[in-house]
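Engineer: Listed in order, the protein sequences are those of chains A and B. The first sequence begins at 1 in our numbering and counts up by one. The second sequence begins at 1001 in our numbering and counts up by one.
It is possible that some hints are incorrect.
[Unchecked claim] Derived BS3-like pairs (lysine-lysine); straight-line CA-CA distance at most 25 Å:
no.: 1; chain 1: B; residue 1: Lys1005; chain 2: A; residue 2: Lys60
no.: 2; chain 1: B; residue 1: Lys1087; chain 2: B; residue 2: Lys1034
no.: 3; chain 1: A; residue 1: Lys6; chain 2: B; residue 2: Lys1028
no.: 4; chain 1: B; residue 1: Lys1059; chain 2: B; residue 2: Lys1005
[What the hints assert, rightly or not] Residues of chain B placed beyond 10 Å of chain A at every Cβ, according to the derived structure:
no.: 5; residue: Glu1004
no.: 6; residue: Thr1007
no.: 7; residue: His1031
no.: 8; residue: Lys1034
no.: 9; residue: Asn1043
no.: 10; residue: Ala1044
no.: 11; residue: Asp1050
no.: 12; residue: Lys1059
no.: 13; residue: Gly1082
no.: 14; residue: Thr1083
no.: 15; residue: Lys1087
no.: 16; residue: Thr1101
no.: 17; residue: Ala1105
no.: 18; residue: Leu1108
no.: 19; residue: Gln1121
no.: 20; residue: Asn1128
[Unchecked claim] Residues of chain B clear of chain A, computed beta-carbon distances all greater than 12 Å:
no.: 21; residue: Thr1036
no.: 22; residue: Ser1037
no.: 23; residue: Ala1042
Worth flagging that the hints you see were computed from the coordinates, not collected in a lab. Positions of the beta carbon are idealized from the N, C-alpha and C atoms, including for glycine.
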Amino acid sequence: MREYVKKTKVFHLGALAASADSVLWAIWKTPAAIKITAARLAANTACNAANTNYNTWNLKNGSVVVASIANGPASGGTSFTAGAFSSMTVVDAAGASELAAGDTLSFVSVKQGNGLALVGAVLQIEYYDYGN
Amino acid sequence: MQYEKKTFEIVVGDIIADASGLTEALWKVPHAIKITSVRFGANATIAAQDTDYQKIAVKNGSNEIASITLGPAAGGDTLTLGTFVEKTPAAAYAECAAADTLTIAYTLTGAGLAVTGLVIQIEYYDINA
């Protein structure tokens, strides 16, 4: 089996507003076919998962969800610790985690209730590429 | 010979309407590269408009590699959620030498036009790694 070298991309997204709803942010157009093996989101301020008001952040390729994480509900949502990455749930399927060259990966925020902001957000994508 | 395309991207963040005169360091290239595309994105749609808008350029020294201009309404660039505006680099300046520093420069027209969540992506390949 061919051995692939894992690579990473890091995006300093900054403040993710609570009110951001259905905001689609193009962050990376892939130069080659890739497979995403992990995605992580961090904040520079702790944020406890909450009920009623929270956000879900998705990585999407077009309309396909590649990975997601939410800071709610309190049970099942992700509580962020300052300075630490939290793993996003990657959809490990050919039609999701594998992207073709030239696909555009977007970071999408969807709010529940009034939403719940994240401060100093950093996104890391771990992947390997299949070459051009 | 087949070259491996690579990308470098930076989330520049929010740009005030009047950023004219600002020059931000973007990337000091580690070795000679050839840029094949420059892409601009934002996390809010910014429609090209008349009178007040801004030009955002990626430069190598005083040489402009690629830019977007968010006006006038007819002919200007519009940043659309979820997509990049893609620009072909100026042929004369697509190649950068090792240790060149790429910058972002802003030029104001009228009162300018703010951009939210600016992302710049540079697609390139190494010439002599």
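Engineer: With 10 Å as the threshold, tell me whether Thr1101(B) passes as away from chain A on beta-carbon distances.
Structural biologist: The claim holds: Thr1101(B) sits with its nearest Cβ about 19 Å from chain A, beyond 10 Å.
Engineer: Going by Cβ atoms, does Lys1034(B) stay more than 10 Å from chain A at every point?
Structural biologist: Lys1034(B) clear of chain A: closest Cβ-Cβ about 13 Å, beyond 10 Å.
Engineer: Does the claim that Lys1059(B) lies outside the interface with chain A hold up, using a Cβ gap greater than 10 Å?
Structural biologist: holds, 21 Å
Engineer: Is it correct that the beta-carbon of Asp1050(B) has no partner in chain A closer than or equal to 10 Å?
Structural biologist: holds, 25 Å
Engineer: For the pair supplied as a hint, Lys1087(B) and Lys1034(B), is the alpha-carbon distance within the 25 Å limit?
Structural biologist: holds, 14 Å
Engineer: Is Gly1082(B) truly not at the interface, in the sense that its beta carbon sits beyond 10 Å from all beta carbons of chain A?
Structural biologist: violated, 4 Å
Engineer: Given the proposed pairing of Lys1059(B) with Lys1005(B), does the C-alpha separation stay at or below 25 Å?
Structural biologist: Holds - the C-alpha atoms of Lys1005(B) and Lys1059(B) are around 20 Å apart, at most 25 Å.
Engineer: Please confirm whether Leu1108(B) is truly not at the interface, meaning its C-beta sits more than 10 Å away from all C-beta atoms of chain A.
Structural biologist: Consistent with the label, Leu1108(B) stays out of reach of chain A, its closest Cβ about 23 Å off (over 10 Å).
Engineer: Say whether it holds or is violated: Thr1083(B) keeps its Cβ farther than 10 Å from all Cβ of chain A.
Structural biologist: violated, 6 Å
Engineer: Closest CB-CB distance from Thr1007(B) to chain A, is it above 10 Å?
Structural biologist: violated, 5 Å
Engineer: Just double-check Lys1087(B) for me: nearest Cβ-Cβ distance to chain A has to come out over 10 Å.
Structural biologist: Lys1087(B) clear of chain A: closest Cβ-Cβ about 13 Å, beyond 10 Å.
Engineer: Are the Cα atoms of Lys1005(B) and Lys60(A) separated by 25 Å or less?
Structural biologist: holds, 22 Å
Of the hints listed earlier, those the structure fails to meet are numbers 5, 6, 9, 10, 13, 14, 19, 21, 22 and 23, in rising order.
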